[in-house]
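Below are the chains, spelled out letter by letter.
There are 10 protein chains.
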Amino acid sequence: MKQSSFVEPMMDKDDVAAMVLSAKRQSGITWEEIADKIGMSPVWTHSACMGMNAMPRDKADALVSVMGLPQEAAFVLAESPTKVWEQAVPTDPCIYRFYEIVGVYGPTLKALIQEEFGDGIMSAIDFDMSIKRIENPKGDRVEVTMTGKFLGYNSW
Amino acid sequence: MKQSSFVEPMMDKDDVAAMVLSAKRQSGITWEEIADKIGMSPVWTHSACMGMNAMPRDKADALVSVMGLPQEAAFVLAESPTKVWEQAVPTDPCIYRFYEIVGVYGPTLKALIQEEFGDGIMSAIDFDMSIKRIENPKGDRVEVTMTGKFLGYNSW
Amino acid sequence: MKQSSFVEPMMDKDDVAAMVLSAKRQSGITWEEIADKIGMSPVWTHSACMGMNAMPRDKADALVSVMGLPQEAAFVLAESPTKVWEQAVPTDPCIYRFYEIVGVYGPTLKALIQEEFGDGIMSAIDFDMSIKRIENPKGDRVEVTMTGKFLGYNSW
Amino acid sequence: MKQSSFVEPMMDKDDVAAMVLSAKRQSGITWEEIADKIGMSPVWTHSACMGMNAMPRDKADALVSVMGLPQEAAFVLAESPTKVWEQAVPTDPCIYRFYEIVGVYGPTLKALIQEEFGDGIMSAIDFDMSIKRIENPKGDRVEVTMTGKFLGYNSW
Amino acid sequence: MKQSSFVEPMMDKDDVAAMVLSAKRQSGITWEEIADKIGMSPVWTHSACMGMNAMPRDKADALVSVMGLPQEAAFVLAESPTKVWEQAVPTDPCIYRFYEIVGVYGPTLKALIQEEFGDGIMSAIDFDMSIKRIENPKGDRVEVTMTGKFLGYNSW
Amino acid sequence: MKQSSFVEPMMDKDDVAAMVLSAKRQSGITWEEIADKIGMSPVWTHSACMGMNAMPRDKADALVSVMGLPQEAAFVLAESPTKVWEQAVPTDPCIYRFYEIVGVYGPTLKALIQEEFGDGIMSAIDFDMSIKRIENPKGDRVEVTMTGKFLGYNSW
Amino acid sequence: MKQSSFVEPMMDKDDVAAMVLSAKRQSGITWEEIADKIGMSPVWTHSACMGMNAMPRDKADALVSVMGLPQEAAFVLAESPTKVWEQAVPTDPCIYRFYEIVGVYGPTLKALIQEEFGDGIMSAIDFDMSIKRIENPKGDRVEVTMTGKFLGYNSW
Amino acid sequence: MKQSSFVEPMMDKDDVAAMVLSAKRQSGITWEEIADKIGMSPVWTHSACMGMNAMPRDKADALVSVMGLPQEAAFVLAESPTKVWEQAVPTDPCIYRFYEIVGVYGPTLKALIQEEFGDGIMSAIDFDMSIKRIENPKGDRVEVTMTGKFLGYNSW
Amino acid sequence: MKQSSFVEPMMDKDDVAAMVLSAKRQSGITWEEIADKIGMSPVWTHSACMGMNAMPRDKADALVSVMGLPQEAAFVLAESPTKVWEQAVPTDPCIYRFYEIVGVYGPTLKALIQEEFGDGIMSAIDFDMSIKRIENPKGDRVEVTMTGKFLGYNSW
Amino acid sequence: MKQSSFVEPMMDKDDVAAMVLSAKRQSGITWEEIADKIGMSPVWTHSACMGMNAMPRDKADALVSVMGLPQEAAFVLAESPTKVWEQAVPTDPCIYRFYEIVGVYGPTLKALIQEEFGDGIMSAIDFDMSIKRIENPKGDRVEVTMTGKFLGYNSW
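Keeping their order, the protein sequence lines are chains A, B, C, D, E, F, G, H, I and J. Positions in the first sequence are counted from 1; adding 13 to them yields the numbering used here. Positions in the second sequence are counted from 1; adding 13 to them yields the numbering used here. Positions in the third sequence are counted from 1; adding 13 to them yields the numbering used here. Positions in the fourth sequence are counted from 1; adding 13 to them yields the numbering used here. Positions in the fifth sequence are counted from 1; adding 13 to them yields the numbering used here. Positions in the sixth sequence are counted from 1; adding 13 to them yields the numbering used here. Positions in the seventh sequence are counted from 1; adding 13 to them yields the numbering used here. Positions in the eighth sequence are counted from 1; adding 13 to them yields the numbering used here. Positions in the ninth sequence are counted from 1; adding 13 to them yields the numbering used here. Positions in the tenth sequence are counted from 1; adding 13 to them yields the numbering used here.
These are computed hints drawn from the structure, not numbers from a lab. Careful: at least some of the hints might be erroneous.
[To be verified] Taking lysine-lysine and the DSS-like style, the derived pairs with C-alpha atoms no more than 25 angstroms apart in a straight line are: (1) C/72 / C/50; (2) F/96 / F/151; (3) D/26 / D/50; (4) D/37 / A/72; (5) F/72 / D/26; (6) I/145 / H/72.
This one's a predicted model, so the numbers in the text were calculated from it and none came from an experiment.
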């Protein structure tokens, strides 16, 4: 939707994300510290700050207070986002590698989940994810763990 | 490359995958049992049987023996595959949900990895993955864990 | 996967779909009658016969018996399908109109579901659908009804 | 069309949609309440406010009065829209699931409509839709119902 | 759907189109003559023979008799087709020019139809088309005429 | 080309189209009336006003006078346009139906034109089109008629 | 259209192109010699042999005689082709360079043709093309020359 | 690259193209006259003015003087351009016809160039092109001639 | 992310790239000289200035001093970039030729690397590249050399 | 072009590639050894065997003798290939990394080549490439070196 010249602009999730990034650059606080201060995980906190998840109102209020944002931002953080992500495979190497993993192992994930659980899927809605550093003498490793509720197909 | 009519067809990774699936349907063995018998993980075993990873020769020999395949199959299983995966986002719901996760959380994975490790990526080559059932009274959950070596960008 | 010349072909969901269509053309039975005979709905029955849903084993056995299919077909009907559907918007007018509806009303469905239920989605897995003729003096109408479980997003 | 610098901008459907959203945020009114006040259904009301349907002039006047919009907005609401929707399958999970449903069940809808009605389609023009909450102890369900006039193909 | 090796192939619309083209080449009959013999228009007759429209059963029987096709072909001609057409703009110059016309004049057609009839569309289902040679000293012209029922949008 | 900050903007066809639409909204004049006043057809007039055809200078002068546009607009209306139209099939239902018609009947148009005229095409340059309401008790119909000069392929 | 199993295959333009290439390889004749023998230009002759132009019947008869093809091939060479060419920019470097030329100089061709001739186009139907070697001490050059009739847009 | 708000904008090739077009409209000079005044061909002159070729510095100075542009423009005209052209086939009929020609005759150009010169390509870099009016009683023709150096593939 | 109107804009990598280009045009310094002054290679220096690589802080400070940029620019140069590159094959001939090389020789690179090193890849992260002029009497040559660490696939 | 059923199949480059691969698997010879035996580089030899470069006739004869191929294969190896490569970015990680390099460093290659040589390109036709193992205690490196003749743009 184009910016109307007939009505005042409303603050939206992109505005709030820009405010968070600006406050973060000025204060030097890390995502892990922000997450810690609002009592949530870093993955979810970053995602919700960037506008890809809705914050429960109390978490939104906490974030606004931690980052020094205007009060209207809490209202915006609590709204349901429209999740728009790159439809083409993204080019940034750090993100691309995850697409490569899902591309190579997608049919394997399907085969093993359905062998174990029956016909259905792992939910991406009732879902969580975390990232951890694994020390290793040959070079530290990134560990990514996700869990999602198994949902079985309905027959009717 | 089209099937030449001037030369005998060579057995390739698609042929071996079809043999494995056929032997698996007839014997009723599971992926977990196959993996166990060759002493590897189920994720890697399924992926290598389907032609998306190369098997070390001893594992290829073990698989051929477990599944009753012809000896030439071990040679084929040990070749480097050309990994071709769906360039468009796949439609099968069980696979699609993983693209949705990577689409929504890709920038978050990048931000948190680079905050923790510096400028670089998680390798998709020096990489492993596992799948586990997490019992839960509200409905069992699928847990997917992956680790990859952190690789820092070079400056020169 | 190409048809291997090194192993016997296995019956798959496309084979079974072709068998059902052939038996249906010869017997003149309708989808509604087939559904009725196996005690399921017409929408689910057509979809499972065409290979887009997995049949519970007893329903697969019933279908095989109703349509006079070989016993192996019941095994195939019970397998988890890989659901591949047209990624481009399809051109057949009868199917296209449903894409047009979802295209025009998609944001409306989202806004009203999230206003009523909170941040989340209607499941396409725990889901059912039916089709009905509504008589109308200005021309009979098609009624399509679908229900899906509401799934709320997780915060963690 | 680019914004001309040689002529005053004209109010258009995007401007009116922005005004409605702004007034809605300030007043806290729901789509259901707005629909109720103008005597139309929530689905159609949201869609017409967002610029995807044309309002009969009396409904446009009622909306302008309910939401406190300038009188010119009623003129704009009554114009025929150019319905532009996402040509690629959208990524927002709540909207995507409806594309998944249409993708999986499109051929089923076609087969059952044409078995019942003959060669033709369900109209997406002479069409209506509603959304309802179905209470359910295992989790409430979203019910979507749509009806469209059957249109038979012409032979000539 | 792949050609199953577990069931006899069924005659389909592509088979019948090939039979019609083969019989037409051998007999030298024109589309206009075929249309005339079955009492329908050339446009509709060609389209139905090529599998893009369903024939009423009596017309299918007439065509089978005129072209010397096997009786099963009449059954196939009467089935509802799945209309699949080139999603990309086609390259054949004779067909491309019609896309160019619709591309250039599409918004004009919309503006003038909606100015004359109100908010709605020209049906492509309750529709007919004809082609005629217009003699002209500067070079004969092709005249294409189409009519379709106007369908007004529903408000509810 | 981006708007240069080093040179005054030049009036272009988009500017003139915006002026025409603005003047048309204020005066309430219809496309048919505009066309009548400049002595041309409604299809061509709308298309040329929207910047998809070049006006002969006298027609451009007449339009400028009828609509009260600045004199420079006549110069712009007479320039050769760069005809840019939607490369993807457009989503607006009123325009889409014409693509559906060309998609379904494109091969038919080619077959019948070439049967009648020999190897060649209908010109989209030496071309005209008109739209008419056909009254009909079952619902009025839209009639679209186009003629284009037949152009035969050269052999050399 | 799939190869029907219910009717004998008909010889088509691809068959004839394969016959010409086979006869050409065995005899060692060049395109220039073939063109010369049938009294046409090499560009048109190659294009028509490959199925991208229709041959007048006498030229088709001459070609059949020169290349030793079966008589039915002359009938096929004289049919109107459906010209299908690569919709994506082709990758072969020798062909790609021509797309690069048209891409870079397309707007220039338009500007200079319309400056010289007025609003219209160069026909690609009433068209011819030739290729010539230009000797040059710094390296011989390829010269490509094409002419097409200018077609002016119609106003109506 | 977005317009930075931290640094003054630099004049670029789009700015200079806009200046040339503006000066050309005001003075009424033709491309042929501009080319003549700077002693170059019209094709190259238009292309370089539009930013698709780099001008030698003396030609850039001459153009700046002929068109009355600021001196900085000569510097910009002499820079190497980044040649960005429409990746999709363009819709303007005058440009499209050249894509049609290259699409239909691309394989012919390749076959005849390689028959005459051996394995290699016609250069699009060491290249020139001209356009000429050919008078003809049946309608004047556009003649386009291009020459490019033949480049043979290297073997090593 | 759109430019928020609720928060001051933050300097980003595009801003810094514009500053570098502006300072470079005014001073006439070459990329080779800039690289030399900060003690890095020209390839890496250009890439990091354009925002496609992160600079170690001391190199960023050196660049800011060499080019006379504001101090905040050093902070920005040191951030991890999101590497976005053209997903479609680019049209500029100088860049396109490298895609052509990778397209033609990609499978060759794979075959020879894996023959020499085993199953794995050349890293694009632990990577460097240089460009050199090779004098040659038949015309000087561009030499591009790249090295990347070999990474072997993991089995687990 | 489909396989004609009216003419014997001709051996083509795909057939020869399949013969080479089959002979290579049976003999265990490496690409480096094959190249050595015909006195050419491994990169060019692999590429020409796979059908992406034309062999001079003496090299083709040598290859046929080394690999024990039928004599007709030498004729085919010497023909000009049509170089078709993946238009979409390929998914195999070993090949993808080279696209990533060209994507990230494309504009850098252009800037540095044109700074050093002037306006022009590195030829991909008068071109060569080699691959080498660089021993390194932190892990061996792949070195890829390519040289191409610089070609300057023509002005005319």
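Here is what the structure says about each hint:
Between residue 72 of chain C and residue 50 of chain C, the direct Cα distance comes to roughly 10 angstroms. Compliance with the 25 angstroms bound is thereby established for this hinted pair. Distance restraint check for residue 96 of chain F and residue 151 of chain F: the Cα-Cα separation of roughly 38 angstroms exceeds the 25 angstroms cut-off, and the hinted pair is therefore not satisfied. At most 25 angstroms may separate the alpha-carbon atoms for a hinted pair to count; residue 26 of chain D and residue 50 of chain D meet this at roughly 21 angstroms. Note on residue 37 of chain D and residue 72 of chain A: the hinted pairing holds, with a Cα-Cα distance of about 24 angstroms set against a maximum of 25 angstroms.
Distance hint between residue 72 of chain F and residue 26 of chain D is unfulfilled; the C-alpha atoms sit about 32 angstroms from each other, more than 25 angstroms. For the given pair, residue 145 of chain I sits about 30 angstroms from residue 72 of chain H by alpha-carbon distance, which is inconsistent with the 25 angstroms threshold.
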